[in-house]
Amino acid sequence: MTPDEAVRGMAARLCVIRWERQGDKAWSKAALLKEYFRRAAQWSDEYGCDSRSPFFDIAACVAPAVRADQSVVDNLLERIAAGRGGWNVKQVAPYILHWAALSATPGAGLPPALDDPFEPLIVMFERGGGFHTENGEVNLEWKSVRLSGWRDRAGDPPMASFAGADLDEIDRAGSVAQFGRVVGPME
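So in this note's numbering, the last spot in the sequence shown is 188, and the numbers never skip.
Worth flagging that the hints you see were computed from the coordinates, not collected in a lab. Each hint should be verified, as a subset may be incorrect.
Calculated cross-link-like contacts (lysine-lysine; reagent style DSSO-like; alpha-carbon spacing at most 30 Å) [what the hints assert, rightly or not]:
hint, residue 1, residue 2
1, K35, K91
2, K144, K91
3, K144, K35
Using the sequences and the hints given, assemble the complete structure.
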């Protein structure tokens with residue numbers, strides 16, 4: 002797969018996401034977000050990336066010359082805005098496309114011991130929309146994840162599974178623990 006094909010494929014994957022948040026997947030989304038923080042911290046440590054935010058252009062830190070086609074980025078941002086993805090999603094979406102370009106670039110020399118940093122974030126989006134940040138936290142409806150200390154997650158154990166059934170169980174258990182019942186999507 003060429004870098005352009007990888008970017009277009011990732012843009013297509015992001016374009017089909019329903020960006021309206023429903024709340025019933027907040028616990029698995031929090032787990033996925035923490036996994037993204039772990040991976041972003043590892044990439045930041047490996048390449049000395051200087052970012053205060055966990056939502057940064059990892060590809061630019063690793064190989065600044067490799068970029069996604071700007072017309073594909075612009076088209077995706079228009080689609081996200083039309084689908085109510087929100088400012089935070091529009092901020093991070095180009096980073097995901099630039100990463101897709103880098104990861105498909107022959108000879109990029111990416112460390113095999115480091116996992117794809119953005120996959121947990123993409124799966125989080127696919128589980129029901131985006132997120133927003135406020136007061137130093139990422140708000141996921143029924144759950145929030147603190148932004149501070151994201152770099153400290155580099156040594157955390159990796160998330161065991163991204164399988165739908167396993168993520169659904171995280172949501173069931175979290176919902177029961179928080180509300181005493183399984184909650185459904187917010188209406």
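Here's how the hints hold up against the structure:
| no. | hint | result |
| --- | --- | --- |
| 1 | K35 to K91 | 20 Å, holds |
| 2 | K144 to K91 | 21 Å, holds |
| 3 | K144 to K35 | 12 Å, holds |
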